[in-house]
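Kindly generate the complete structure, drawing on both the sequences and the hints.
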Amino acid sequence: AQSVTQLDSQVPVFEEAPVELRCNYSSSVSVYLFWYVQYPNQGLQLLLKYLSGSTLVKGINGFEAEFNKSQTSFHLRKPSVHISDTAEYFCAVDPRGSNYKLTFGKGTLLTVNP
Amino acid sequence: NAGVTQTPKFRVLKTGQSMTLLCAQDMNHEYMYWYRQDPGMGLRLIHYSVGEGTTAKGEVPDGYNVSRLKKQNFLLGLESAAPSQTSVYFCASRPTETGAKSYGYTFGSGTRLTVV
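Sequence order for the protein chains is U and Y. The opening residue of the first sequence carries number 1 in the working numbering; numbering runs sequentially from there. The opening residue of the second sequence carries number 1001 in the working numbering; numbering runs sequentially from there.
Treat the hints with caution; some may be incorrect.
Restricting the straight-line Cα-Cα distance to at most 25 angstroms, the calculated cross-link-like pairs of lysine-lysine (DSS-like) are [to be verified]:
1) K49/U x K106/U
2) K69/U x K49/U
3) K106/U x K1009/Y
4) K49/U x K101/U
5) K101/U x K1057/Y
6) K1009/Y x K1071/Y
7) K101/U x K1070/Y
8) K69/U x K1071/Y
9) K101/U x K1071/Y
10) K101/U x K69/U
11) K58/U x K106/U
12) K106/U x K69/U
13) K1070/Y x K1057/Y
14) K1057/Y x K1071/Y
15) K69/U x K58/U
16) K58/U x K101/U
17) K1101/Y x K49/U
18) K1101/Y x K1071/Y
19) K1101/Y x K101/U
20) K106/U x K1057/Y
21) K1009/Y x K1070/Y
22) K1101/Y x K58/U
23) K1057/Y x K1009/Y
FYI, nobody ran anything at the bench for these hints, they're computed from the structure.
Written as structure tokens, this is what we have:
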């Protein structure tokens, strides 16, 4: 079975600082990887995804993530955060196989302070 | 295009009551999923379906039943609600994987359920 570990449950940062949200996964087969963002009392919004090809993936709102197969990681980065980036971020893995099922990490709460 | 629609958006139940959550998608997706979201736990898979007439258990199926009589609808039932089922429920659907760059999951906006 696959699993996802988001190494930090909470990440506080100051506005305009860089941020990295860490995600590691385990799977016995090749995977697709996703990052979602959830603003307070809202649903899930797709930030970016890795399906194949370039390991550096760019998403919405200036976020990017790098797929590292050898380290089984998919860390999310942004060079300069805004207060509006305050939200919960979820990493998810989709193992390729006969019945794909998206498995989520427990989430990282990013709080951007002025 | 509505995507994935969940009804209702909010509901308060008394312990022991039953209810059905409806998920409807208009994208002709084969696969549909029900997740629950609890603080600090992320989203956990309750049940899923790989096509019309099929269902399967996910990670946390106890206390829930599902049905997929029509391809576009996936129903989640609580026969006898318990306070532990207080949660936010999300439905999702996805197409058959073909290697297309558009591959991905579409989520509904969620149902906030409180069991008192």
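Status of the hints after comparison with the structure:
Taking the CA atoms of K49/U and K106/U, the gap is about 18 angstroms. The hint holds against a cut of 25 angstroms. Straight-line distance between C-alpha atoms of K69/U and K49/U comes to about 15 angstroms, which keeps the hinted pair within the 25 angstroms bound. Proximity of K106/U to K1009/Y is assessed by CA-CA distance (about 23 angstroms); at most 25 angstroms being required, the pair is judged to hold. With a C-alpha separation of about 15 angstroms, the suggested pairing of K49/U with K101/U holds against the 25 angstroms cut-off.
A hinted pair counts as satisfied when its Cα atoms are at most 25 angstroms apart, and K101/U with K1057/Y qualifies at roughly 11 angstroms. Only pairs whose Cα atoms come within 25 angstroms are accepted, and K1009/Y paired with K1071/Y is accepted, the gap being roughly 22 angstroms. The straight-line distance between the Cα atoms of K101/U and K1070/Y is roughly 20 angstroms, inside the 25 angstroms bound, and the hint therefore holds. Our distance criterion of 25 angstroms between C-alpha atoms is broken by K69/U and K1071/Y, whose separation comes to about 36 angstroms.
At most 25 angstroms may separate the alpha-carbon atoms for a hinted pair to count; K101/U and K1071/Y meet this at roughly 18 angstroms. A distance of roughly 20 angstroms separates the Cα atoms of K101/U and K69/U; the hinted pair therefore holds under the 25 angstroms criterion. A threshold of 25 angstroms between alpha carbons decides the hint, and for K58/U with K106/U the separation of about 22 angstroms falls inside it, so the pair holds. The hinted pair formed by K106/U and K69/U meets the criterion: a straight-line CA distance of about 21 angstroms does not exceed 25 angstroms.
About 18 angstroms separates the Cα atoms of K1070/Y and K1057/Y, which keeps this hinted pair within 25 angstroms; it holds. Taken as a hint, the K1057/Y and K1071/Y pair is honoured in the structure, with Cα atoms around 18 angstroms apart against an allowance of 25 angstroms. Only pairs whose Cα atoms come within 25 angstroms are accepted, and K69/U paired with K58/U is accepted, the gap being roughly 17 angstroms. Only pairs whose Cα atoms come within 25 angstroms are accepted, and K58/U paired with K101/U is accepted, the gap being roughly 23 angstroms.
For the hint linking K1101/Y to K49/U, the alpha-carbon distance of about 10 angstroms falls within 25 angstroms, and the restraint holds. Only pairs whose Cα atoms come within 25 angstroms are accepted, and K1101/Y paired with K1071/Y is accepted, the gap being roughly 24 angstroms. Between the alpha carbons of K1101/Y and K101/U the distance comes to roughly 18 angstroms, so the proposed pair stays at or under 25 angstroms and holds. Simply put, K106/U and K1057/Y have alpha-carbon atoms about 20 angstroms apart, close enough for the 25 angstroms limit, and the pair holds.
Distance restraint check for K1009/Y and K1070/Y: the Cα-Cα separation of roughly 21 angstroms lies within the 25 angstroms cut-off, and the hinted pair is therefore satisfied. This hinted pair checks out: K1101/Y and K58/U have alpha carbons roughly 14 angstroms apart, not beyond 25 angstroms. The hinted pair formed by K1057/Y and K1009/Y meets the criterion: a straight-line CA distance of about 24 angstroms does not exceed 25 angstroms.
In terms of the numbered hints stated before, the structure departs from hint 8 and from no other.
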